[in-house]
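**Student:** Here is what each chain is made of, one letter per residue.
2 protein chains.
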Amino acid sequence: MIDVNALQKYSLFGGVSPEQIEKIKPLLETGHFEAGECPQVEGQPNDKIYFILSGEVDVIKQGVVIARLREGETFGEMELLDIMPSIATVRAATALDVVMISNRALYDISKLDLKTFSMMIMNLARDLSRRLRRMDELVCEETKGS
Amino acid sequence: MIDVNALQKYSLFGGVSPEQIEKIKPLLETGHFEAGECPQVEGQPNDKIYFILSGEVDVIKQGVVIARLREGETFGEMELLDIMPSIATVRAATALDVVMISNRALYDISKLDLKTFSMMIMNLARDLSRRLRRMDELVCEETKGS
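The listed protein sequences correspond, in order, to chains A and B.
So the mapping is simple: my numbering equals the position in the first sequence, first residue as 1, plus 111.
So the mapping is simple: my numbering equals the position in the second sequence, first residue as 1, plus 111.
To be clear, the hints were calculated from the coordinates, so they are not data collected in a lab.
Among the clues, some could well be false.
As the list makes no split between identical chains, a pair holds if one copy fits it or if it spans any two.
[What the hints assert, rightly or not] Cut-off 30 Å, straight-line C-alpha distance, at most; resulting in silico cross-link-like pairs (DSBU-like, lysine-lysine): (1) 226 / 120; (2) 134 / 172; (3) 172 / 136; (4) 226 / 134; (5) 226 / 136; (6) 226 / 172; (7) 120 / 136; (8) 172 / 222; (9) 222 / 136; (10) 120 / 134; (11) 120 / 172.
Build the full structure now, drawing on both the sequences and the hints.
**Tutor:** If you want it as structure tokens, here you go:
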């Protein structure tokens, strides 16, 4: 059972009404992972975005944990859009419950409700833009520091 | 006069047909800058994406030229989506002709033709995703190097 109200707090659903989420709900999947399992492996294909409903994950790049994500956060946004391999491994640090939207489901959402689709993609693009901005600042600071 | 065929080569219009571009053309603006003029200034608001039709620009961050962009390339994508200040200054290195889409025009495109809008936003998100991926690789290599 996917809780529509729980999904509304994720930035990807910003501006999307509960009725709109209800409509696309049949296209969403739920998933459960035990601690230690990896929903996403660096270098391997992934075509899903994951919404963390409960539990925590470690984001691992080249063997190093670079971030920990929690309830209310998402991963897999970049892999959802392009067809490149995953940029990082994501490993469940605890038991993990997620809602997933696959690339195929996203396509189906665009056919079912173009308005909802375009809001989701707009939110996604804004998210990526914010991350790019942060990354950009980070690179600039490192360059100044060295 | 905006040449529809010229616009088709930009990644933002990937998959958008000449007929669709023709339809939204009244919402696009053209602009001309002389060498030395700055369409975009670091820290200042900007709400437009620019398509370089002819000429070249320097992308300048904290006084340092970090990139040169040419015909067929775009800038301002990030500022179009969020309401944050520009992350870099863009200065015309030669006489410069551009096509511009403002945030307001983008909104109007969504009202006029939601399908075209959603394709453009999807292309934009893919572009940002690719840039994020490159930036990510860059940061990783620098970290390994230091």
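**Student:** For this structure, which hints from the list above don't hold up?
**Tutor:** When the structure is compared with the hints, numbers 2, 3, 6, 8 turn out to be violated.
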